[in-house]
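The lines below spell out each chain.
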Amino acid sequence: MTRPLLELDHVTLAFGGLHAVEDLSIAVGEGEIVSLIGPNGAGKTTLFNLITGVYAPTSGDIRVAGRSIAGLAPHRIAGLGVARTFQTLRLFVNMSVKENVMAATYGHTSARMWQSVLRTPKARREEREVNALAEEVLGFFSQRLMGYRWDQPAYSLSYANRRRLEIARAMATRPRVLLIDEPAAGMNPQETHEITDLIARLRDERGYTILAIEHDMHVVEGISDRVIALDHGQKIAEGSFEAVATNPLVVEAYMGRGTAVTKG
Amino acid sequence: MSTPNDAPPRIGVDEWVARSGERRDRGSGPSAAIVRALERVGWWQRLAVIAAIVALFPLLTSSDYAVRVGVNTLLLATLALGLNVVVGWTGLLDLGYVAFYGFGAYGFALLSSNQLGSSGIHLPSLLAIVIVVVAAALLGLLLGLPSRRLQGDYLAIVTLFFGQIFVETVTNVAPKVTGGPNGVVGIDPLNFFGLEVTTTRGYFYVLLIVTVVIMGALHLIDSSRTGRGWRAVREDPLAAALMTIPVNKVKLLAFSVGAAVAALAGTIFAAFQAGAYPTDFDTPFLILVYAGVILGGSGSIAGAVLGATVVSVTLELLRNPSQAATLFYGLILLTLVVRVRPWRKLGAVLAALVAFGFAVHAVIGAISASAVAGHPRSGGWVGDALGSWVVVPADPKGPGNIAFVVLILGLVALVQLKGTARTVLLVPLLYLAAFVWETRLVAEASITRQILLGAILIVMMNARPQGLLGSKRVEVL
Ligand SMILES: Nc1ncnc2c1ncn2[C@@H]1O[C@H](COP(=O)(O)OP(=O)(O)OP(=O)(O)O)[C@@H](O)[C@H]1O
Ligand SMILES: [Mg+2]
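For the record, the sequence lines run as chains A and B. Residue numbering for the first sequence follows this note's numbering, starting at 5 and increasing by one per position. Residue numbering for the second sequence follows this note's numbering, starting at 7 and increasing by one per position.
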């Protein structure tokens with residue numbers, strides 16, 4: 005593994021008596037794609053919330069490129085290069101598709117209100133750059149998010165396209181680490197297949213380090229350099245897809261809840 | 007437009023399907039044609055044309071009163087523009103907004119009158135305005151600080167308190183400074199580089215310029231980094247934060263901008279009426295500003311101005327009983343035309359209503375002459391037309407009050423009913439509404455104005471929830 009970009013160091017998060025994440029240590033190397041699996045309620049989304057600063061860890065430390073981010077405000081963590089998508093979509097639904105993406109450039113732009121009003125050269129240049137970035141990011145999804153859709157409100161997009169827009173918006177924050185929460189949820193087989201390719205492209209063309217939560221084992225197998233399995237907020241297995249999928253603890257965790265680790 | 011392919015999309019193809027909502031929203035017919043024509047003209051051109059037309063208004067009327075209404079309208083429009091930033095764009099329910107208007111008025115008053123010191127302070131207007139507006143912006147920040155963690159209901163209540171505290175303070179604390187309930191009088195008129203603004207028309211033009219400049223500035227902000235930040239925070243504060251937007255800072259800025267705009271309006275208002283009185287900044291006025299923003303379409307610049315205009319002009323019309331009656335019956339008729347379908351049913355309801363009225367009038371007149379001895383309070387042609395249709399007793403107060411209660415119970419029942427029963431009940435209820443109006447409501451102008459304004463908002467909510475110029479908002483998917 006290369007130098008770890010994202011490190012969780014004995015992280016615990018307690019909601020009252022419930023330990024949603026318990027003594028969890030994870031390291032994700034630069035340029036790696038790691039999948040996070042586990043039964044419902046295992047604490048996967050909660051882990052994303054911890055990394056992005058929605059919750060501060062009860063104990064332990066989280067580092068990005070060696071810098072501790074535990075306890076920082078969410079917008080600061082995002083500014084340090086950690087972006088995410090939401091399992092339950094949280095787009096700015098009453099803004100246009102393009103504005104959704106442009107809004108996410110707030111952190112790495114600096115035009116003040118008065119500069120925008122006076123249309124100073126700096127404000128205009130920055131606005132052009134933001135526009136270009138938004139179009140380029142949306143262009144990454146080729147025909148799916150092209151052209152005429154840009155000025156439409158985000159609510160008018162299909163479910164699959166809203167998932168794509170979530171990724172586009174995260175890309176506009178200029179992340180180093182991209183956390184993707186169930187990108188293939190609710191997608192048809194063809195679209196699921198596309199997502200697998202897309203995630204690979206996100207790393208290969210964009211150089212993002214990716215941590216993805218996914219239930220679809222085809223996708224997990226297709227994208228992962230490494231798989232980590234969680235249950236009850238604890239890491240129960242880690243390694244190659246084959247190793248984790250056949251690990252007795254993982255099988256039991258899924259069986260115990262009435263679902264097997266099956267493909268599809 | 008940034009769309010690369012401007013050619014009309016092919017029917018049945020993905021894009022054509024995707025745009026069906028757009029086509030439906032625009033609709034067809036003359037109003038849609040006007041909308042389409044306006045859309046072809048740029049925003050700035052539209053602003054310039056409308057401003058030029060409004061600038062002609064004082065030249066076309068010789069009535070100082072009409073221009074005065076214009077001044078009040080522009081004040082309300084400016085206030086609505088500022089509130090739109092806070093409520094419409096950033097989604098913060100600020101119920102203390104009018105306090106900043108008052109702060110501006112009192113601030114200007116103290117810096118431009120004999121109130122402070124032995125010979126008073128008389129700063130040049132521009133200086134006084136800048137000082138007051140900057141102070142208001144800072145006060146907005148200060149007020150925003152404790153409120154920034156508050157969400158929704160809590161923020162509303164805390165800011166409402168702030169609004170009340172302002173009124174209490176200027177009324178009761180340090181009456182030597184603020185003049186207590188009598189306010190500050192003898193405020194200097196606006197003067198710019200030796201030029202004094204003393205006429206109503208003068209203030210109209212000052213305010214027109216202010217309104218247009220603010221509209222232009224807000225339009226530029228709307229499509230900038232700041233505007234996107236505000237709207238993102240309105241849509242989803244958590245997602246906004248995770249997309250690098252410093253939510254608290256962005257909220258504070260919105261508060262501050264709103265406060266500055268309100269204070270600016272306040273300074274001109276104080277100079278215009280040469281006085282600042284606590285009652286001008288009470289909650290009822292806040293309701294008017296909100297009504298303007300909501301009616302015009304929360305989130306739309308032109309909407310805020312149009313909404314404020316409608317509210318201001320409507321309230322003015324309601325001062326005159328005959329005009330108020332026209333509005334009242336017009337609103338009822340409009341609602342019937344929109345809501346009662348098909349046309350045959352509408353015709354039947356109207357015919358039944360006319361017949362019902364004459365019958366009731368005849369029957370009651372035969373029983374007791376004094377019960378129909380009164381004259382409709384509406385006056386004007388409406389009053390004359392209704393003379394032998396609506397029953398007005400010689401002493402209308404008692405029956406009017408009872409009828410009012412019955413009317414409300416009837417309306418509650420109406421909502422519960424369905425089908426034919428509903429249509430049948432509608433006829434006597436409409437007649438009862440006319441009765442209540444003619445016997446009681448016209449005489450109580452202050453109450454009637456509020457009720458009618460409420461009715462307009464309710465009709466609006468049903469007919470066009472996004473407001474006159476607002477765009478459709480989707481909450482849940
Ligand atoms: N804010 C909170 N307060 C209390 N408990 C919480 C909170 N957020 C999450 N939990 C609990 O933490 C546990 C983990 O939830 P989480 O959403 O992380 O699961 P998940 O692994 O993402 O599951 P799924 O696959 O269904 O998305 C659950 O038991 C949940 O009820
Ligand atoms: Mg989850």
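What the hints contain is simulated information worked out from the structure, not anything from laboratory work. Incorrect hints may have been included.
Partial list, computed: chain B residues near chain A (C-beta under 8 Å) [stated by the list, open to error]:
id	residue
1	I40
2	N120
3	S230
4	R231
5	R237
6	D242
7	A245
8	L248
9	M249
10	P252
11	L475
12	R479
Just so you know, even glycine gets a beta-carbon here, dropped at the ideal spot from N, CA and C.
Hint-by-hint comparison with the structure:
1. I40: violated, 21 Å
2. N120: At 36 Å from the nearest chain A Cβ, N120(B) fails the 8 Å test, so the hint is violated.
3. S230: holds, 3 Å
4. R231: holds, 5 Å
5. R237: Holds, about 6 Å.
6. D242: holds, 5 Å
7. A245: Status holds, d = 4 Å.
8. L248: holds, 5 Å
9. M249: holds, 4 Å
10. P252: Holds: closest Cβ of chain A sits about 5 Å from P252(B), inside 8 Å.
11. L475: Not OK, violated: L475(B) not within 8 Å of chain A, min 15 Å.
12. R479: Because about 5 Å separates R479(B) from the closest Cβ in chain A, which is inside the 8 Å limit, the hint holds.
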